[in-house]
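Novice: Here are the chains, one letter per residue:
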Amino acid sequence: MKKFIALFAFILFLSPLQAQEVTGLDGFSLFLDPGHSQTENQGLYNYSEAQKVLRVGLALREMLLTQTDIDTVYISRTNDSQQVSLSQRTDLANSLAADFFHSIHSNAGASTTNNTLFLHGGWRSNGQTVEKSPAGGKEMGDIMEDIHTDAMRIPTIGNWADRNFYQGANVNHHTNQWPYLFVNRTSSMASILSESGFHTNPEQQQRNLNAEWKRLEAQSFFWVMLEYLGVERPQKGIAAGIITDYDSNEPLNGAIVSIGDSVYTTDTYESLFSNYSGDPEALKNGFYYLEDIAIDSAELVVEAEGFYSQTISIDIDSTDFTFTDVALISSVAPFVETTSVGDDNTINPGEDLVITFSRAMNKASVDSSIQLSPEANWVRSWNSAGNELTITTGNFTFESNYTLTIDTTAFDNSPFAHMIDGDNDGNEGGIYTLSFNTGQEDIIAPVVSNIYPTNTRFSELKPIVSATFSEQLDTTGINSFIELRKGTYVVPGTIKYYVVGEKSVLNFFPSERLDPSSNYKIEISGAIRDTVGNAIGSNIIRTFPTGDQEFNSITSVDHFENGLGAWWQPSQSGSTTGYTPDETFVEATSETVNLITGSSSAMHLHYGFDLNETEHLIREYRNVGLPKFSNTKILQSYVFGDGSGNKFRFMVRDASNQLEGSPWYSVDWIGWKLVSWDMAADSVFGWVNGNGVINGNAYIDSYQLTYTQGSPAAGSFIFDDLRAVNQGKATSSELSSEDVPTRVSLEQNYPNPFNPSTKINYALPEAGNITLVVYDMLGREVATLIDGYQSEGFHSINFNASSLSSGVYLYRLTTPSSSVVKKMTLIK
Amino acid sequence: MKYLSNLTLILLILAVSSLQLNAQITVVGEPEVLIGGENAEYMNPRWAPNGEYLAFTSARNIGLWMVDLSTNQTKQITDETAGFGFSWSNDSESILARVSEYENRRNKHAITVYDVESGTQNRITDLRNSMPAIPKWANADQNIVLITDDSIEAFESGKEETPGAQKAVNQRFYVLKSGSIATGRIPENSTADISPFENAEYINLELSPDGSKLAFEVYGGNLYVMNIDGTGLKDLGRANRPRWSPDGEYVVAMVANDNGYQFTESNIYALGVENNARINLTEGTNLIATNPDWSPTGDRIAFDSPETGNIYVLTINKQ
Numbered sequence: 001m002k003k004f005i006a007l008f009a010f011i012l013f014l015s016p017l018q019a020q021e022v023t024g025l026d027g028f029s030l031f032l033d034p035g036h037s038q039t040e041n042q043g044l045y046n047y048s049e050a051q052k053v054l055r056v057g058l059a060l061r062e063m064l065l066t067q068t069d070i071d072t073v074y075i076s077r078t079n080d081s082q083q084v085s086l087s088q089r090t091d092l093a094n095s096l097a098a099d100f101f102h103s104i105h106s107n108a109g110a111s112t113t114n115n116t117l118f119l120h121g122g123w124r125s126n127g128q129t130v131e132k133s134p135a136g137g138k139e140m141g142d143i144m145e146d147i148h149t150d151a152m153r154i155p156t157i158g159n160w161a162d163r164n165f166y167q168g169a170n171v172n173h174h175t176n177q178w179p180y181l182f183v184n185r186t187s188s189m190a191s192i193l194s195e196s197g198f199h200t201n202p203e204q205q206q207r208n209l210n211a212e213w214k215r216l217e218a219q220s221f222f223w224v225m226l227e228y229l230g231v232e233r234p235q236k237g238i239a240a241g242i243i244t245d246y247d248s249n250e251p252l253n254g255a256i257v258s259i260g261d262s263v264y265t266t267d268t269y270e271s272l273f274s275n276y277s278g279d280p281e282a283l284k285n286g287f288y289y290l291e292d293i294a295i296d297s298a299e300l301v302v303e304a305e306g307f308y309s310q311t312i313s314i315d316i317d318s319t320d321f322t323f324t325d326v327a328l329i330s331s332v333a334p335f336v337e338t339t340s341v342g343d344d345n346t347i348n349p350g351e352d353l354v355i356t357f358s359r360a361m362n363k364a365s366v367d368s369s370i371q372l373s374p375e376a377n378w379v380r381s382w383n384s385a386g387n388e389l390t391i392t393t394g395n396f397t398f399e400s401n402y403t404l405t406i407d408t409t410a411f412d413n414s415p416f417a418h419m420i421d422g423d424n425d426g427n428e429g430g431i432y433t434l435s436f437n438t439g440q441e442d443i444i445a446p447v448v449s450n451i452y453p454t455n456t457r458f459s460e461l462k463p464i465v466s467a468t469f470s471e472q473l474d475t476t477g478i479n480s481f482i483e484l485r486k487g488t489y490v491v492p493g494t495i496k497y498y499v500v501g502e503k504s505v506l507n508f509f510p511s512e513r514l515d516p517s518s519n520y521k522i523e524i525s526g527a528i529r530d531t532v533g534n535a536i537g538s539n540i541i542r543t544f545p546t547g548d549q550e551f552n553s554i555t556s557v558d559h560f561e562n563g564l565g566a567w568w569q570p571s572q573s574g575s576t577t578g579y580t581p582d583e584t585f586v587e588a589t590s591e592t593v594n595l596i597t598g599s600s601s602a603m604h605l606h607y608g609f610d611l612n613e614t615e616h617l618i619r620e621y622r623n624v625g626l627p628k629f630s631n632t633k634i635l636q637s638y639v640f641g642d643g644s645g646n647k648f649r650f651m652v653r654d655a656s657n658q659l660e661g662s663p664w665y666s667v668d669w670i671g672w673k674l675v676s677w678d679m680a681a682d683s684v685f686g687w688v689n690g691n692g693v694i695n696g697n698a699y700i701d702s703y704q705l706t707y708t709q710g711s712p713a714a715g716s717f718i719f720d721d722l723r724a725v726n727q728g729k730a731t732s733s734e735l736s737s738e739d740v741p742t743r744v745s746l747e748q749n750y751p752n753p754f755n756p757s758t759k760i761n762y763a764l765p766e767a768g769n770i771t772l773v774v775y776d777m778l779g780r781e782v783a784t785l786i787d788g789y790q791s792e793g794f795h796s797i798n799f800n801a802s803s804l805s806s807g808v809y810l811y812r813l814t815t816p817s818s819s820v821v822k823k824m825t826l827i828k
Numbered sequence: 001m002k003y004l005s006n007l008t009l010i011l012l013i014l015a016v017s018s019l020q021l022n023a024q025i026t027v028v029g030e031p032e033v034l035i036g037g038e039n040a041e042y043m044n045p046r047w048a049p050n051g052e053y054l055a056f057t058s059a060r061n062i063g064l065w066m067v068d069l070s071t072n073q074t075k076q077i078t079d080e081t082a083g084f085g086f087s088w089s090n091d092s093e094s095i096l097a098r099v100s101e102y103e104n105r106r107n108k109h110a111i112t113v114y115d116v117e118s119g120t121q122n123r124i125t126d127l128r129n130s131m132p133a134i135p136k137w138a139n140a141d142q143n144i145v146l147i148t149d150d151s152i153e154a155f156e157s158g159k160e161e162t163p164g165a166q167k168a169v170n171q172r173f174y175v176l177k178s179g180s181i182a183t184g185r186i187p188e189n190s191t192a193d194i195s196p197f198e199n200a201e202y203i204n205l206e207l208s209p210d211g212s213k214l215a216f217e218v219y220g221g222n223l224y225v226m227n228i229d230g231t232g233l234k235d236l237g238r239a240n241r242p243r244w245s246p247d248g249e250y251v252v253a254m255v256a257n258d259n260g261y262q263f264t265e266s267n268i269y270a271l272g273v274e275n276n277a278r279i280n281l282t283e284g285t286n287l288i289a290t291n292p293d294w295s296p297t298g299d300r301i302a303f304d305s306p307e308t309g310n311i312y313v314l315t316i317n318k319q
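Chains as they are written, first to last, in my numbering: chain B, 1 to 828; chain H, 1 to 319.
Keep in mind the hints are simulated off the structure, nothing from the lab. In this text the structure is predicted, and so the values were computed from the model without any measurement. Where hints are given, some of them may not hold.
Unchecked claim - Sample of chain H residues facing chain B (criterion: CB under 7 Å; computed from the structure):
| no. | residue |
| --- | --- |
| 1 | Ile35 |
| 2 | Asn39 |
| 3 | Tyr102 |
| 4 | Tyr219 |
| 5 | Asn240 |
| 6 | Gln262 |
| 7 | Glu283 |
| 8 | Arg300 |
To be verified - Reference listing, derived: stretches of chain B covered by chain H, where coverage requires no fewer than 3 residues with Cβ under 8 Å from a Cβ of chain H:
| no. | segment |
| --- | --- |
| 9 | 24-36 |
| 10 | 54-67 |
| 11 | 130-136 |
| 12 | 533-539 |
| 13 | 621-628 |
Said to hold, decoys possible - The following label-pair restraints were derived from C-beta to C-beta distances:
| no. | chain 1 | residue 1 | chain 2 | residue 2 | range |
| --- | --- | --- | --- | --- | --- |
| 14 | B | Asn79 | H | Ser151 | 27 to 37 Å |
| 15 | B | Ser656 | H | Asp210 | 47 to 57 Å |
| 16 | H | Gly211 | B | Glu232 | 46 to 56 Å |
Glycine residues also receive a C-beta, built at the ideal position from the N, C-alpha and C atoms.
Generate coordinates for the entire structure from the input sequences, incorporating the hints supplied.
Specialist: Right, here's the structure in full:
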């Protein structure tokens with residue numbers, strides 16, 4: 001009973017038909033291991049690490065088999081459909097008894113990071129770094145660091161003993177005296193794992209898409225292998241480089257590069273990039289690669305539509321790449337691309353007026369040609385690239401109209417000195433004119449909102465006190481801006497100020513645990529003022545009670561103090577969809593951290609949603625299945641919100657290997673906040689193979705983000721101290737006399753007016769059955785908020801009036817001994 | 001115990017017990033460290049057929065060790081690179097291995113039989129530049145076969161005949177040959193391909209204790225069992241490194257997830273050969289449990305963990 005399985009032979013032996021140009025590899029067998037499988041480890045533009053490194057491996061194998069007398073080149077994958085586990089890779093290499101194991105990878109990280117890295121098996125032992133035996137991986141890595149890094153023309157972070165890299169090189173003696181990486185640990189032969197650039201770096205990944213770029217990487221590994229075996233390189237002429245636009249410094253699509261009869265056209269949307277983007281302008285690499293060029297002096301000719309062609313004399317190297325980058329100069333006249341004047345054609349005095357030109361300008365020519373009417377004192381400055389002019393407007397008059405002109409004598413900084421195309425007709429000449437208004441003077445004080453904590457369900461005994469402001473603040477005297485008190489006792493702590501968009505937030509981190517079942521006051525100083533001196537005026541006081549519960553049995557899932565090694569870039573997950581790659585990435589941050597736990601590092605997740613797509617999901621995946629925690633626990637994370645209203649949720653994988661998620665949490669706050677998901681009591685939502693039930697112990701799979709209609713498309717959340725906890729009776733929970741109110745009280749709801757929810761605080765001197773009911777002005781009951789037994793102390797409840805119409809409502813607190821009524825106003 | 005809290009242990013027992021009504025396999029207690037210590041870097045435990053010894057190697061397959069389970073005394077058999085694919089003789093007195101030596105950036109290999117009692121070694125072959133196959137015992141351990149794409153070789157093992165061994169002469173052996181499953185007899189200079197799938201490659205072939213079935217992995221695919229005549233093929237799902245239970249009713253294997261660099265989790269599963277049981281024996285532990293082997297007595301499963309370098313033993317109750 002034979003049945004077809006779509007797997008292909010993974011062993012290829014030297015073809016006797018190929019000419020053997022290079023000798024000295026006889027008796028040597030190499031095991032190539034393109035890392036990962038199928039489309040795993042997605043990089044930018046939906047092109048995965050697995051796809052890229054497979055092609056590098058196949059090209060390298062082909063070079064070795066056809067150009068040398070090597071005995072055998074094995075490879076762990078030959079196509080994009082195989083799913084090969086780590087154990088199968090080294091089991092195969094070990095059973096075949098190869099002489100060297102090379103695992104080929106590319107790296108992931110922040111979009112601005114790009115380098116090479118090489119990891120051989122090794123560790124620290126009694127103050128010395130020890131290489132695994134059989135040795136050879138270190139020497140191979142040293143050669144790769146030199147040759148392969150030069151080929152990629154990016155920085156390197158070196159060739160490391162793998163355990164030193166992951167667990168510290170300054171350690172005297174590692175606990176585990178064996179290689180850190182699986183392939184180094186379990187392979188019987190010398191081994192190395194190479195990381196060739198970052199598939200999360202836009203510039204690198206756009207090159208990775210190119211087939212010949214992968215040949216370039218393979219060619220350098222080919223030379224590495226020869227050097228490792230003490231074999232001289234054969235002669236081979238290869239010209240390569242990047243063609244860019246002189247003005248923008250961006251790679252140029254469709255440039256034609258030729259040396260004699262050899263011609264290469266850089267990738268275009270039609271030839272390649274349409275497979276990875278729907279935007280014809282989004283992707284560019286400018287890469288060219290001309291192989292088998294005569295080893296001689298040559299004329300390199302570069303042409304592109306809309307640019308002046310260039311011819312450069314070069315000498316082709318006989319045993320290395322001949323790199324020549326060319327910047328083509330546009331034949332189009334310069335023009336003003338954008339200004340910082342808003343859509344309302346208004347700029348507020350004090351804001352900078354920024355004018356961006358299509359290319360670098362001759363600064364003196366612009367400075368002498370620019371005029372403002374009516375005149376005002378200003379200061380001009382240029383960016384280093386010379387294409388951006390900034391004008392200060394602090395001396396402009398409020399609520400006026402201005403006209404700025406640049407006459408025809410301004411010209412660009414290219415060797416061709418093109419005159420400005422001021423009237424934007426595509427030709428040199430014409431005066432540039434910008435008319436705009438100035439805005440009103442700011443006389444409004446900051447508006448305070450979202451004062452926290454309130455009486456929350458998950459009462460925290462070390463809560464982060466938070467107050468949000470409608471604009472940026474003058475932070476002089478910040479340490480007196482917020483005070484947290486119990487009676488006359490002032491709770492010590494640290495105040496931090498953060499700016500998020502146009503708003504700002506003050507977070508106060510108490511340095512000691514608050515007393516359970518007590519009443520605390522938050523006092524926000526009336527001296528707080530905006531950057532132009534508008535003060536709030538009077539102090540704002542809020543009270544909140546602490547509960548009698550606290551969190552205990554804390555299982556730390558990730559405190560983010562050791563970096564983000566366990567976390568993928570969002571683009572690496574195949575589930576991430578409907579996002580903008582350049583804006584979506586994760587990085588460690590030490591600037592904005594949760595001081596409640598003494599944190600010094602957190603995870604900063606930047607997101608951008610593609611609003612042309614209908615599905616939006618960013619999966620920030622954690623690739624370590626530990627620690628496991630009970631499904632009876634509360635999963636928590638401190639989250640620094642951007643106030644966007646976009647959502648996040650927790651996703652866990654349970655004992656049935658099913659994915660179960662929390663409700664979505666709308667991030668409508670800015671600053672730090674603790675978010676809790678009671679896995680036993682709150683809703684659970686199955687995802688992919690999940691069924692809405694958490695079975696047995698679980699571990700974290702991911703944070704997930706999605707877009708909320710009408711919210712900003714881009715922003716960022718910061719996560720810190722991901723943990724699973726229990727909630728239990730707090731120690732020292734006895735109520736002191738000052739914690740028990742002496743009389744029934746019903747506070748004015750806050751905020752008021754409100755839409756659609758508000759909070760009502762009340763106090764009970766003794767326990768008993770009470771009611772809290774809302775009525776309309778005709779006396780009709782519209783909501784019963786409480787009807788039952790309540791303990792003595794300070795209480796709070798939220799009222800959501802989303803189903804009611806605008807108007808004035810009454811709310812009445814009735815206890816066995818009294819009744820209190822207050823008004824509130826709903827405005828929709 | 002270091003590994004499990006009492007609560008976790010209870011949950012583990014409850015979780016496993018709930019699966020036992022059909023499978024009739026119960027985990028007893030927690031995994032215990034059999035071999036460990038500060039410098040432990042051990043892996044790939046293999047029980048001796050008499051159940052009295054357990055052999056294992058270390059990271060990079062360097063060295064062979066043996067623990068006498070009656071005395072808990074451990075001794076090193078060799079410090080050579082001999083730990084990948086080693087196998088016990090049926091009399092539990094010898095270990096067959098392919099030994100590798102590194103020279104001029106190239107591995108050289110020789111077939112070697114170690115006498116575990118005396119520590120002496122018998123080099124069956126000289127060092128060779130290439131040996132892309134694992135040697136196997138054949139003919140009641142009187143022979144050793146080495147089957148590659150290019151050659152079929154049989155060697156005298158040097159082991160004396162034992163009573164009953166004569167009738168086993170000319171018995172079939174089952175090996176991997178260039179990625180295919182092959183069978184043959186020593187007098188015949190050929191093998192027959194009994195691979196169940198076309199265009200597939202195979203690794204980690206294991207013959208059942210009664211010699212009637214084979215367990216194997218499809219490279220890049222799942223774990224399977226089948227009868228030695230190629231019938232009765234059964235897909236056991238995603239799992240690696242199969243080893244048989246002594247009664248042949250189960251295969252124990254590891255089910256691991258990795259991120260391309262490390263295992264992110266791995267558990268030991270008992271996989272029913274005749275039923276559809278798929279029992280996680282290490283659920284509830286925080287160990288990354290790998291490379292299991294079922295004891296000949298049937299009541300223990302040894303495994304390793306790449307994070308600790310320890311060899312563990314899990315006691316099971318199979319009814």
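Novice: State for each hint whether it applies.
Specialist: Now the hints, each set against the structure:
1. Ile35: Since chain B brings no Cβ nearer than about 15 Å to Ile35 (chain H), farther than 7 Å, the hint is violated.
2. Asn39: holds (6 Å)
3. Tyr102: holds (4 Å)
4. Tyr219: holds (6 Å)
5. Asn240: Check passed: Cβ of Asn240 (chain H) comes within 5 Å of chain B, closer than 7 Å.
6. Gln262: OK, holds: Gln262 (chain H) within 7 Å of chain B, min 6 Å.
7. Glu283: Constraint on Glu283 (chain H) satisfied, holds at 6 Å.
8. Arg300: violated (22 Å)
9. 24-36: holds (count 5)
10. 54-67: Not satisfied, violated; 0 residues make the cut.
11. 130-136: Our answer is that it holds, as 5 residues pass the Cβ test (under 8 Å) against chain H, meeting three.
12. 533-539: Since three or more residues must qualify, the claim that chain H covers the segment 533-539 of chain B is violated, with 0 doing so at under 8 Å.
13. 621-628: holds (count 6)
14. B:Asn79 <-> H:Ser151: 27 to 37 Å: holds (30 Å)
15. B:Ser656 <-> H:Asp210: 47 to 57 Å: Check failed, 34 Å falls outside 47 to 57 Å.
16. H:Gly211 <-> B:Glu232: 46 to 56 Å: holds (54 Å)
When the structure is compared with the earlier hints, violations turn up for hints 1, 8, 10, 12 and 15 and for no others.
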